[in-house]
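Line by line, the protein sequences give chains A and B.
Following the numbering used here, the numbering of the first sequence begins with 39 at its first residue and continues without gaps.
Following the numbering used here, the numbering of the second sequence begins with 6 at its first residue and continues without gaps.
Derived by calculation from the structure, the hints in this document are not laboratory data.
Here the structure is a predicted model, which means the values were calculated and not measured.
Any given hint might turn out to be false.
[To be verified] To give an idea of the chain B side of the interface with chain A (calculated C-beta under 7 Å), a few residues: (1) Val74; (2) Leu180; (3) Ile183; (4) Val235.
[Said to hold, decoys possible] If you anchor each label on the Cβ, the simulated ranges turn out as follows: (5) Ile97(B) with Gln79(A): 44 to 52 Å; (6) Gly51(A) with Trp250(B): 52 to 60 Å; (7) Gln87(A) with Ser203(B): 47 to 55 Å; (8) Gln49(A) with Ser23(B): 16 to 24 Å; (9) Arg77(A) with Ser203(B): 39 to 47 Å; (10) Arg81(A) with Trp138(B): 37 to 45 Å; (11) Ala171(B) with Ala45(A): 19 to 27 Å; (12) Gln258(B) with Asn40(A): 30 to 38 Å.
[What the hints assert, rightly or not] Output of the computed footprint for chain B on chain A, the stretches with three or more beta carbons under 8 Å from beta carbons of chain B: (13) 40–54; (14) 57–65; (15) 68–78; (16) 85–92.
For glycine and all other residues, C-beta sits at the position ideal for the given N, C-alpha and C.
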Amino acid sequence: MNWGSFADFVQMGGYGVYVWGSYAMTLAALAFEVSGVLRRQRRTWRRLQAQLTDEPAL
Amino acid sequence: MSDAKLLHARSSVFRYASPVTFFPLAGKLSRLCGVCAPLLICVGLYIGFFVAPTDAQQGEAYRIIFIHVPAAWMSMFIYVVMAFWAAAGLVIRTRLSGMMALALAPTGALFTFIALWTGALWGKPTWGAWWVWDARLTSELILLFLYFGFMALHASIDDSRRADKAAAILAVTGLVNIPIIYFSVKWWNTLHQGASVSFTNAPTMAASMFTGMMLVTVGFWLYSIAIACVRVRSLILEREGSSPWVAAYLRKQS
Numbered sequence: 039m040n041w042g043s044f045a046d047f048v049q050m051g052g053y054g055v056y057v058w059g060s061y062a063m064t065l066a067a068l069a070f071e072v073s074g075v076l077r078r079q080r081r082t083w084r085r086l087q088a089q090l091t092d093e094p095a096l
Numbered sequence: 006m007s008d009a010k011l012l013h014a015r016s017s018v019f020r021y022a023s024p025v026t027f028f029p030l031a032g033k034l035s036r037l038c039g040v041c042a043p044l045l046i047c048v049g050l051y052i053g054f055f056v057a058p059t060d061a062q063q064g065e066a067y068r069i070i071f072i073h074v075p076a077a078w079m080s081m082f083i084y085v086v087m088a089f090w091a092a093a094g095l096v097i098r099t100r101l102s103g104m105m106a107l108a109l110a111p112t113g114a115l116f117t118f119i120a121l122w123t124g125a126l127w128g129k130p131t132w133g134a135w136w137v138w139d140a141r142l143t144s145e146l147i148l149l150f151l152y153f154g155f156m157a158l159h160a161s162i163d164d165s166r167r168a169d170k171a172a173a174i175l176a177v178t179g180l181v182n183i184p185i186i187y188f189s190v191k192w193w194n195t196l197h198q199g200a201s202v203s204f205t206n207a208p209t210m211a212a213s214m215f216t217g218m219m220l221v222t223v224g225f226w227l228y229s230i231a232i233a234c235v236r237v238r239s240l241i242l243e244r245e246g247s248s249p250w251v252a253a254y255l256r257k258q259s
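Only chain B is shown next, with the shape it has when bound in the complex (with noise of 0.2 Å):
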């Protein structure tokens, strides 16, 4: 490739860490993901309550597992995401990257949250008890303070730039925690179940349920890719609001 050539497709990529090109993207992208998204949970959920086989072990109560693991899953998959843009705007400095991280906080500890409820409620048929101090829940519990610290950090500076900086701080170093709730079954003796689904092995479910299971996964992730790109749009307009590319904007679309 010459050197023209792959200046072109450099500029081409990092076009979008711009919030002026970026800005009309997100619109688009959570048009279309936030029709996707409650259309592919539809189906999972029917495949799940419908479909799926009653379990042999724990009667109908395991059929909480078609929100309960998708939704542990986005709580740990969010935060590398959110890591990761916080580290870009400790590194490359774009501006975007901090507001991208930030938009995906409360989106990130919604799911922690939903993880930890569905669990409690599917922990007390199971085991007798809403909550027990296992290895895996209190990894959890901490990776929702992670997530609230993140925010609470952020919104307690008001320089945003400086704000962006020290919450990202606290994003890569809480990244530490999220090998431990993944691996939490594995090190340690916990009460919480091993992973019915993994990376090396075949799932140890039934096909239908994995398929319920994936679907409702593939959804929520639409959705938080959806509702990010709303929110980061919000604040692009709050922090670029008096730049004139805004205004160019807003006067094309009144």
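So here's chain A without its partners, still in its complex pose (with noise of 0.2 Å):
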């Protein structure tokens, strides 16, 4: 085990700073791909089921 306690963990041994907003940043950055793209599959998806409803079945 690395760490003694909890506090010990988030100083990192003094370099909290860049550790943690390496991790922050990183995290940020997945997310806001993911969010991205699920949020443009569901716009491209009900845009065509919307589409499909208008035009008469054949």
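Two independent chains are provided; combine them into the complex using the hints.
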């Protein structure tokens, strides 16, 4: 075990800002991408479904 | 193998080059990879933070490695895959290849950005600078611009087939940057440290560090597959929305 306490873990031997700054940005970037991709999928899907109900079924 | 068998084997491979058959496959693939990716990343990071020891030279600052190196690897790997699909689009002209290349570009750009960002936050405490114009950093920044250029060029041309073609030429040309990034730490005297893991030598790091890093790498790789599959499904629907198979598919779903 590397960490004596939770505070130790957060401080990362004095490098907390750099380590957590890296991890936070990575998480934010991935979350941004996932939400964007899912939103685009939903939007496209809905638009096509709406088109489909507008047109008479063949 | 008889001709008929050969023809069948070929057609079963090329079957997935068609958007119609690839669409449901991409859906399944994205769900499978989307579930496995976060699990692997979490296990990798657990090993990275709780099992891997403190680095003798860099203290705890080195723990940035568990995302920095996997992200940097993915930034290059995705570019190669993207250029492969782009080249396939130019040569065999399947409808899907251009969409595959376009679906990969934003994810590649994202990992390039993550590699640069985490690199800056690692450089500050170890080198005393957020950024230096060293060969490794500069060529990685050029990679980011190549991704942006690819997407911007594609977006600037209305006709999607022509956009695919123009962007593909850019992607294939930019491929020359990949070996430059990879070998930059050997070819030039860089501030950036040399590779701790290579194809030819045993890794020069603790086994637990290596394990953690590889798990995150595989996790990022699965993440990229999942996200590119979802994106390519949107692209297929956007481009082929008016074709009969999409209507039939949507009717079946609703």
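Going down the list of hints, with the structure as the test:
no.	hint	in the structure
1	Val74	12 Å, violated
2	Leu180	24 Å, violated
3	Ile183	22 Å, violated
4	Val235	5 Å, holds
5	Ile97(B) with Gln79(A): 44 to 52 Å	27 Å, violated
6	Gly51(A) with Trp250(B): 52 to 60 Å	58 Å, holds
7	Gln87(A) with Ser203(B): 47 to 55 Å	51 Å, holds
8	Gln49(A) with Ser23(B): 16 to 24 Å	55 Å, violated
9	Arg77(A) with Ser203(B): 39 to 47 Å	40 Å, holds
10	Arg81(A) with Trp138(B): 37 to 45 Å	41 Å, holds
11	Ala171(B) with Ala45(A): 19 to 27 Å	55 Å, violated
12	Gln258(B) with Asn40(A): 30 to 38 Å	49 Å, violated
13	40–54	holds (count 7)
14	57–65	holds (count 6)
15	68–78	holds (count 6)
16	85–92	holds (count 5)
Taken one by one, the earlier hints fail for this structure at numbers 1, 2, 3, 5, 8, 11 and 12, listed in ascending order.
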